[in-house]
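Fit chain B to the known structure of chain A by using the hints.
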Amino acid sequence: MNSILTRLLKAKNYEKMSLDELIDEYIALYAKNAQSNFNDLLSELMIFLEKYDQNISPETVESIFASKIASSSMSAVPSSAVLIPLIYEKSMIEGVIAPKVTAQFGAADERAISALEKRMMWVGNDSSTRTQEKLKSIFADVYEGKYTHDELMQALRENFTQYADMEVQKLKVAADFNLRQGRNLGTLSRAIEQGDTYVQIVAKMDGKTTNVCRSMHLRVIKVSTLKKQFDAIVNATSVDAAKEASNLSFSKIGVWSKEVPPNFGLPPFHMGCRTIVRQMSADQVERMTLDEFGREYEILDKKTYNKIKDKKDHLGASKAKSVEALMKETLGSIAKEGVHAGDQTKRTILGDNGFTAILDKNGKIETLFKAGRGLDYFHDNASEVYYDKLDIAYRSIGQRVKKWLGL
Amino acid sequence: MARTLIIDIMGLDWYIESTLKGDEGMDKAFPMVANYSLVDGQIAHLHSYTLPDKLLKSCNDYGKEFLERCSFVYVPRDDNGEPVQKDGKVIDGDFIDALVFIYKELEKKAKNG
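Chains A and B are the protein sequences, given in the same order. Anchor point for the first sequence: position 308 equals 312 in this note's numbering, and the numbering is continuous, going up by one each time. Anchor point for the second sequence: position 14 equals 1025 in this note's numbering, and the numbering is continuous, going up by one each time.
Isolated chain A (complex conformation) (with noise of 0.2 Å):
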C-alpha cells in the first residue's frame, strides 16, 4: 500500500474518522508529499475507501473531496474536472469494480451498458440467450453500482448454479473480462462519439504485467484503428465471433511494430488483463514525445533534465546536440526492452545507440546514461527481457529460410 494511506492508518483510528476528517487527513499528507505520484495516491484512495465503507455515497465522496481539492491552496492537486476523470480511470485498473462517484462515471457507463445490449457474452462455453440475459442484467447492475466486486460474486454464483462447483478465480476472470471489455467499448464508444482522433492504452505495471500489456502501455493509438475492432465485438453473432473479434492472439509475444496489428488494440488483451483506454485531447496528443513503438515517453522532471544534461555517463557520452534529441535516439530505435530488476513496475530500455533508459511506470525517464558495459548492464537489471530486436530478426530470418527451403 501507499507510503501516505499506510502512514495515515497508523498514525489514526480511521475507522472513528468521519469521511470528511479522512479526506482532511489524505490532503494534508498528500500535501506533504507533493513528490508522490497523484494519480498512485489517487487509486489507493479509492481502494481504501471501498474497504473503509461500502456504504458511503459515492456522491458524497465526490462533493467532498471536490470542494476540498477546489478550496486547498496547493497548486499541485488538479481540479476536479481532472480528478474525476482519473478517479474513474484508477479505479477500472485497480479492478474497484463499484466506484460510481460521479455522474461522469454514469456516463462513460452508460455507453458500456448500450454496448452491453448488443454483445456476446459467455461463461466457459454456455453462450445461450438465458444466460447471455443473465449475465447482461448482472453487469448492467454492475455498471449502474449497484454491486460490489464481492457482490458481484454472489450474484453470478447465485445465477449459474451450475458452475457453483467452479474456482472462484476463474469465474472471477470471466467477469472481469467481460466488464473490463465493455467498459473500455464504453469509452471507445465515448470518443468515437465526441469525434476523438486518438485513444491511449494505459496498463497497469507491476510483477504481473504481461508482455501484450507492456508492448502496449501508454501507446496512443487513432480511433480510426480501433473502430473495425469495436465494431466486430459489439456486432459479433456467435460467441466465437466474440472471441475472435476479442483477438488475445498476442498476449505472450506483445505487438512489435509502430502499427497496431488490424483488429487489435482495444484491451483487454487477455484473460485477467487489467490495462483500459483513456480518452485523450488532440492537444494532448500534439505535446507527447513518442517512442518507436508509439508509446508516450517524457523526462521526469527538471533535476532529472538537468542531470541528463550536465553529468558525465549521460549526454557527454554521446553526440547528441541535447537531452530531447538524446531521448529520441534512444526510444526512437530500441534494441532491448525488460522489467527492471528493482523495481518490476519500471522498464530498463537499451537503445540500439547503447544508451539505457529507465523508465518509471507513467513513462517518466528517471535516468539516460551510456554504460561501459553497455549490454552486460543491461542484462544485469533486466530481469526479464520482453522485447530483444535482434531476437526477433534472427526469428523472422529463420522463419523465412525455412520457407524458401520447404521445410
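Where hints are given, some of them may not hold.
[What the hints assert, rightly or not] Residues of chain B placed beyond 10 Å of chain A at every Cβ, according to the derived structure:
hint : residue
1    : Y1073
2    : G1104
3    : V1111
[Said to hold, decoys possible] Residues on chain B that point at chain A, a partial pick, calculated with CB under 7 Å:
hint : residue
4    : I1020
5    : G1022
6    : M1043
7    : A1055
8    : H1058
9    : T1061
10   : F1106
These are computed hints drawn from the structure, not numbers from a lab. Just so it is clear, the structure is predicted and the values come from calculations on it, not from any experiment. All residues carry an ideal CB built from backbone N, CA and C; glycine is no exception.
Coordinates of chain B only, in the frame set by chain A:
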C-alpha cells in the same frame, strides 16, 4: 596523503568522482555498476543507477582498488537538485565504506518517497 573524491546522488543515480583524467577502459569488470574507470590503478570514476544488495555483498570479490583509503565529500541536494553545502559531510574510509554510505542514502530516499 589520501585522495579526496566527490560522492553525488541525483535521483537514483549515484557517482563517485575524482579529478583524475584518463581512462584505462573496462578491463577490470565491476559487475552491476554502469561505469567504472581506473587511472594508474586508482579508481577515477564510478556511476550507476541504484545500488542493489547484490553489488554490496560482492564487493569482497573486487580488486584492491576498492581498499584505497580516501576522503569522500558528500553534499546532499535539495528538491530542486541544488547542493545544500551546510549539510555536507566527509566520509573517511575506503570505497566500500563509500558504497555503504551511498546505499544508506538511497535507502533513506526510498523511505521518504
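Evaluation of the provided hints:
no., hint, verdict
1, Y1073, "holds (14 Å)"
2, G1104, "holds (23 Å)"
3, V1111, "holds (18 Å)"
4, I1020, "violated (10 Å)"
5, G1022, "holds (6 Å)"
6, M1043, "holds (5 Å)"
7, A1055, "violated (10 Å)"
8, H1058, "holds (5 Å)"
9, T1061, "holds (5 Å)"
10, F1106, "violated (17 Å)"
Hint compliance for this structure: hints 4, 7, 10 are not met, and every other hint is.
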